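Participant: Going down the list, the protein sequences come from chains S and P.
In this text, residue positions in the first sequence follow my numbering: the first is 1, and each later residue adds one.
In this text, residue positions in the second sequence follow my numbering: the first is 218, and each later residue adds one.
Think of the hints as simulated: they come from the structure by calculation, not from any bench.
This structure is a prediction, so every number in the text was calculated from the model and none was measured.
All C-beta atoms in this analysis are idealised placements derived from N, C-alpha and C, irrespective of residue type, glycine included.
Heads up, some of the hints might be wrong.
From chain S, some residues computed to sit far from chain P (all C-beta separations above 10 Å) [to be verified]:
id, residue
1, PRO91
2, GLU214
3, VAL215
Quick partial rundown of chain S residues pointing at chain P, CB under 10 Å, derived from the structure [what the hints assert, rightly or not]:
id, residue
4, GLY69
5, LYS177
6, LEU180
7, SER184
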Amino acid sequence: MTSVPLRLGLPKGRLLEQARPLLRAAGLDLSSLDQQARRLVHPVELPEIGPAEILLLRPSDVAVYVAHGVCAIGIVGSDVLAEQHPDVLAPLDLKLGRCRICLCAAVDSDPYRQETPRIATKYPRIATEHFLSLGAPAEIVELSGNVEIAPLVGLADGIVDIVETGETLAKNGLVIKAVLEQVSARLIFNRAAAKLRPGPLSALEERLRRAVAEVTP
Amino acid sequence: MFESYGYRRVYTPWFELLGSLERGLSGEAQARLFHLVDPGSGEILVLRPDFTAQVARMVAARMSAGPRPLRLAYHGRVARAVDALGRGLSSRDLFQAGIELIGAAGPVAEREVLTIATAAFAKLGRTLTLDLSHAGILAALAPEGLDAPTRLALSARDEVALAQRAPQLLPLLKLHGGPEVLRRAAAELQGAPRSVTVALEELQGAIDGLTRTPPTQVSVDLAEVRGFGDYTGLVFRGYTEGAADAVVSGGRYDRLLGRFGKEEAAVGFGIDVGAVLLGQTPPPRRGVVIAGQPGDPASEDAALAHRARGEPTVVVEPSSALAYAEHHGYRLLVTGDGVERSLP
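Let the sequences and hints guide you as you build the complete structure.
Facilitator: Listed below in structure tokens is the structure:
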């Protein structure tokens, strides 16, 4: 059997930018990402572990790559874990990318008091499970982004979405009606990789654990 | 392979009445059943989700007398519906091969099945890493059982979710690694019920004396609680390069037979053969193609001679013989005048 290189799946975009100081503090040299900004596969030297590969992925795809074993390691928002339920290990809270998944609607509207509210969301599973847990039916409209528009134009009675500062909500005349999940970034491992390469994976987990303790007040 | 260790093949039906299998399946297993309706009677049928319950029933019904232990092997297809949470990416039509050792308690029996699992992979030129856990630890620390989200948090090592749901189980998240974890566990779980100590001793017993032939790779993970179902003691999974999750799953299930008749000690495992073969390199070329007219006595005689030596042999028209041999993985082409040509 040829051994697969150790691969690390990172979420392209805002979460990666927030994670960079932490990854540097853990000893990862990310200079390749700056030098060749458009490449999606980068070599990286992991301290104590050796050469590895970084894959830059869509945030919602990272857990898929890890669950299938293509990446041994990944960094992913817990919103993705709550939505996809991927069968992976999630041993460490990186305490960054913090936000909340909320049910939001116009001030004068209350989706909880409607017979069958229509809810627009990028998180159909979280939204469905939330309303099911209340024993209330809801009609879920799945969108891929800019969900805040939906209630303004009558596509939905409310939205289930990520709220970071609340600014976008306010600009679009929406308010938080309920907080469904607290979100933060997590380190995830493929299950087989955690058993077949326990040394390298635990070493990286320990370095990141120490880095989280240093970076987070 | 299992026959060489004295395990006898048994056969079970691949679909049957729900009512006749139901009591042998844990709630977890029942949730993953494929249901069919018998067009004749309107009764509900299920596709077999694994072999263990069927073998247990067979033993209770037809083999309850006679010396112990019984060594039984099986292989065939099993079907699984995706579980309620939608996890699990493997296909739902699986090919499973495994063994059950019935009527044997204690570490000797456990070492026997662990060794056979390792040997099966060694025969394929593969290394198996066995990851051990014990159903008794969770039973002692959470006697009232765990709900699905808590179980999920534990098995995902998710300390955030577990701290909210069952903080008393947090120590388990750190108890994974080599066999030395058992010593650490004994220290960390000191205040726990006596049954935890018994479980740790049983695990130690299963591991001690394992490392002879073939060399066995063993790790321990006390937070691995997926699919505990009917297991009563040792629980284990096996991992190999090239597969994204465990390819072997097994353990001790001393109470299952009691649901069909008399209670008996039992331990066994099943291999997800499809997942193993996915990571397998293609087999080496073998067999012989004889370029000649099918039916021509000289060619057929030559073919018989090769077959007598155990080589799969086929006679193919000379014009297409080479292409046939290359495409289908034959190692040797024999042309009309007896010239042999090896294929790379």
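Participant: Which numbered hints turn out to be false for this structure?
Facilitator: 1, 5, 6
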